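Trainee: Assemble the whole structure, with the sequences as input and the hints as a guide.
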Amino acid sequence: MEINKPFLAVVTVQLIYAVYFVLTKLAFDVGMNTFVFVCYRQAAGTLVLAPIALLVEGKRAPPLSFSTFAKIFMFSLVGITVSLDVVGLGLKYTSASLGAATTNTLPVLTFFLAVLLRLETLNLRTSPGIMKIAGVGLCVGGIVIIAFYRGPLFKLLLHDHLISSYTEPIQVNASSKSTWIKGVFLMLLSQLAWALWLVLQGRVLKSYPSKLLLTTLQCFLSTIQSGIIAVGVTRDLAQWKLSWNIRLLSVAYCGIVVTGFTFYLQAWIIEKKGPVYLAMATPLVMVFTILLSAAFLGTTISLGSMLGAILLIGGLYFVLWGKRNEEKSLKKLSQIEVRRRSRVVLASRGSHGSCNITTTTLVATGGGMGQGDAPAHVSRTGGPYKRL
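The letter at position 111 of the sequence shown is residue 111 when you use the working numbering, and the numbering goes up by one with no holes.
Worth flagging that the hints you see were computed from the coordinates, not collected in a lab.
Keep in mind that a hint or two might mislead.
[What the hints assert, rightly or not] Taking lysine-lysine pairs in the DSS-like style, the calculated list, with each CA pair at most 27 Å apart, reads:
hint, residue 1, residue 2
1, K273, K331
2, K206, K272
3, K59, K71
[To be verified] Have a look at the derived ranges for each label pair, beta carbon to beta carbon:
hint, residue 1, residue 2, range
4, L242, L333, 53 to 59 Å
5, K155, L54, 45 to 51 Å
6, K272, K331, 18 to 24 Å
7, S178, W244, 35 to 41 Å
On a predicted model such as this, the values are computed, not experimentally measured, just so you know.
Where is the CB? At the ideal position from N, CA and C, for every residue including glycine.
Mentor: If you want it as structure tokens, here you go:
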């Protein structure tokens, strides 16, 4: 059972995100303001993370300079607040299934931004480089098809949704073509902002390495930022009222399960299997979301959405495969370089021993370079290559 734990964990993460998309879409369909929702979900996430962060990292937290705080504030604004506000609008204009499908663009957009910022290299003369650029092209094609081509609609067996008797009226409006296109590009813009946040996180972690406290601080700052935006655009005080209904459930779920539990679960998966293993399972979100949307929202799926989603998934795997092959090649080159340096070191020692004294004498007296010196010397010379 130990072998299956990472698999079960990664499937659970994707299912959690699928439920998130469906619950969020449902909350918006019953009339909840998207900006108010973001403020509440970030506040709930802060309340969940703050006690854990203070308990785990509170005593060994590094000092927080003003420049570092300013960076964290800006990254929170762009990567979290703006990203969540924009994805909320995109989800309102489109569907939960589309929201899940666009998550496949995140690794591709992250790689693209890393190349632009010169944090990642792209060599088109190698097969990994060709695979990466092909993945970017497939994702662009998928987004274009989803945005501009609908095609015939398909109903699943679960099309008669389970919440038809829900007490609050659900606004089931077929999105016009212009609204749908707007929603698609809002989704893409949200993923782009999130990808930028991921790329720039490394710089902040160098000056403030406490990951849990950093996450909590960004969640708290995002609560304030999204609250200011929500107050500015929402004049109806009734929108801020939370009763025992789907609105409260969606906020609590996002704060407790998505922000709290999933954060730990993803960290555990990455520790056990690495980030590629987690990223490879991303398409499961779309599969789960389609099934849940059909059951709980009664949504239909267009041919364009299915074709575009296939291209997005293909682009994701092309980039991941290219990245993995590149890492394998670098690791192989590193091992070859270490072995080459080891042979040079051993050859130089043999030459030194033959010119001065026999090997038997060296071992017996303990003089010169002992056998125990070899690993340390090789490690020192080979160390930098292992980090390639």
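Trainee: Would you mind marking each hint as holding or not holding in the structure?
Mentor: Structure-based check of each hint:
1. The suggested pairing of K273 with K331 holds, with an alpha-carbon distance near 17 Å, which does not exceed 27 Å.
2. Proximity of K206 to K272 is assessed by CA-CA distance (about 23 Å); at most 27 Å being required, the pair is judged to hold.
3. A threshold of 27 Å between alpha carbons decides the hint, and for K59 with K71 the separation of about 23 Å falls inside it, so the pair holds.
4. The hinted window of 53 to 59 Å between L242 and L333 holds, with their beta carbons roughly 57 Å apart.
5. At about 50 Å, the CB distance of K155 to L54 agrees with the hint of 45 to 51 Å.
6. Checked against the hint of 18 to 24 Å, the pair K272 and K331 passes, with Cβ atoms roughly 19 Å apart.
7. Separated by about 37 Å at the C-beta atoms, S178 and W244 satisfy the suggested range of 35 to 41 Å.
Of the hints listed earlier, there is not a single one the structure fails to meet.
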